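Asker: Chains as they are written, first to last, in this note's numbering: chain A, 36 to 528; chain B, 9 to 107.
Among the hints, a few may not be true.
Derived DSBU-like pairs (lysine-lysine); straight-line CA-CA distance at most 35 Å [to be verified]:
#, chain 1, residue 1, chain 2, residue 2
1, A, K328, A, K434
2, B, K104, A, K129
3, A, K419, B, K104
4, A, K434, A, K379
Please keep in mind that the hints were generated in silico from the structure rather than gathered at the bench.
Owing to the predicted nature of the structure, the values given are computational and were not obtained by experimental measurement.
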Amino acid sequence: MTAPTDFTIAEARTALAKRELSATELTQAHLSAIEALNPRLNAYITVTPEVALQQAKAADAALAKGEAGPLTGIPLAIKDLFCTAGTRTTAASKILGNFVPPYESTVTANLLRDGAVFLGKANLDEFAMGSSNATSAFGGVENPWKRTGDDTVLVPGGSSGGSAAAVAARLALGATATDTGGSIRQPAAFCGIAGIKPTYGRVSRFGTVAFASSLDQAGPMARTVEDCAILLGSMAGFDPKDSTSAQMAVPDFAAACARGVKGLRIGIPKEYRVPGMPAEIEALWQQGIAMLKDAGAEPVEISLPHTQYALPTYYIVAPAEASSNLARYDGVRFGLREEGSDLKDLYERTRRAGFGDEVRRRILIGTYVLSAGYYDAYYLKAQKVRALIKRDFDEAWGKVDAILAPATPSAAFGQGEMQDDPVAMYLIDVFTVTANLAGIPGLTVPTGLDSKGLPLGLQILGKPFDEETVFAVGSALERAANFTATPSVRAAA
Amino acid sequence: MSLDTATVRRVASLARIRVEEDELPRLQSELNGILGWIEQLQAVNTDGVEPMAGGGTQALRLREDRVTDGGIQQQVLANAPDAGPEGAAVFFSVPKVVE
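Start from the sequences and build out the full structure, keeping to the hints where you can.
Answerer: Structural data, given as structure tokens:
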């Protein structure tokens, strides 16, 4: 029999509905796995067994009455960027101190409405700023995957590194995550799981700690594309509390997974063949193209000419918005306070002590590019290039239904590697930032292993609000790739 | 454009982040590394391009101008740094700002 921690969400729903196991048993199996492995992996900042068991009990009662919702009894990890009423929310930063939100984020409220069980709050890069989970004030996360015959501790990617590691190591059936420049898709690729950043506006940002508001978008991570579709169906939807939330109906994403790709035109952007890209990534991409072709799709070469400018554009827009959003952490109303001789000194000491190196660096960059005399040269220029990047995609949609590209330029790297040069770390997001700048959906699908036995993923990009086609293509790729490898560090191994 | 130490100090002051003198050289070199890399955007022709400000293409909604919540003083103050172990503070407090 499959260990409960190895279930997909779809399988767990069936098993719960047939009463083959109780929600309490399913939750307990995950809590035991967390107890055994989290001290090593550090995927969770806060584990909430009492909350989880109480929610599981309520799920069992609902199941007994035949009143189960779409996620009743499904144990999830919640990225510690989503406010959870009564449970400490840290954004992996010292500056939030022991912040306990008095309100619930819309995403987590939607999941609770549908019956989900919250196992705890997942680790991340501080304020979601990073690509390796190394900037967390609560310590790094270990990727559950290992290179063959090599015990080097690898990073899970970031910023949703804890969410990705928890799902890959079977410490949750799925997780919430957020993606500002690749923070769902890159860690999903590094940990051999699936993850989707939906269209900007598809999921409410209310109650999610803000990083860069015009780029931030929440989405799910899970071990299958269908599971991501199930979770997104619950997380998404119009929310009057977010002024950028789209007033659109939520389609049946899970049903779209079975559509197939016959007749779809799949764009292959030539600019995603970047200098220095490992041959293995190029080979994986070619395999993906062949798989979709075999399934009936038609590959079409396209051009997205401003791709090379996406990262520098991102590193103006995101820090600018961050410097504004993070101004609220001032030591006065909540979070950490360092006393000072006057009010300005209190602000400066609090923010020096509370923010880590990378967050301080980005606030300073953002402050500079928005400051008098530099605004036009940097910020306004970046907003114009952003418009051109979006225009590239708009023109592509005239020729293709979806786009296939690598998710990352490499597999997971070792802890401590790439920490000395901020720009080298930024380059890891080369294939993912474009979707945030253009506001379009992107899905990572685990597609193969590199020569060292580490997972690699491909990414499907889609038209705004056409996640259904993205899921259809992702599912077809998943079926063809038949990725069954598992990480060496996992529950029930 | 390259930042000198005086500019780094000024930007840190604008951002309300304390920077110690001995941190300045490293910070200056990191920021200049990032800004130097960003400089490549100047090569893009953006004549006549409208800047893209938001993440979505949909027009922002207007809502009726009315109070939608309130009367939750205890919740608002619950996380104040000087709330104390006995529960919520009555005010947010700051160092004396009026002589």
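Asker: Against each hint, give a clear statement of whether it holds in the structure.
Answerer: Now the hints, each set against the structure:
Using a Cα cut-off of 35 Å, the hinted pair A:K328 and A:K434 holds, with the two alpha carbons roughly 17 Å apart. Straight-line distance between C-alpha atoms of B:K104 and A:K129 comes to about 25 Å, which keeps the hinted pair within the 35 Å bound. A distance of roughly 44 Å separates the Cα atoms of A:K419 and B:K104; the hinted pair therefore is violated under the 35 Å criterion. Annotation: proposed proximity of A:K434 to A:K379 is violated, straight-line Cα distance about 55 Å (limit 35 Å).
In the structure shown, a violation is registered for the earlier hints numbered 3, 4, in ascending order.
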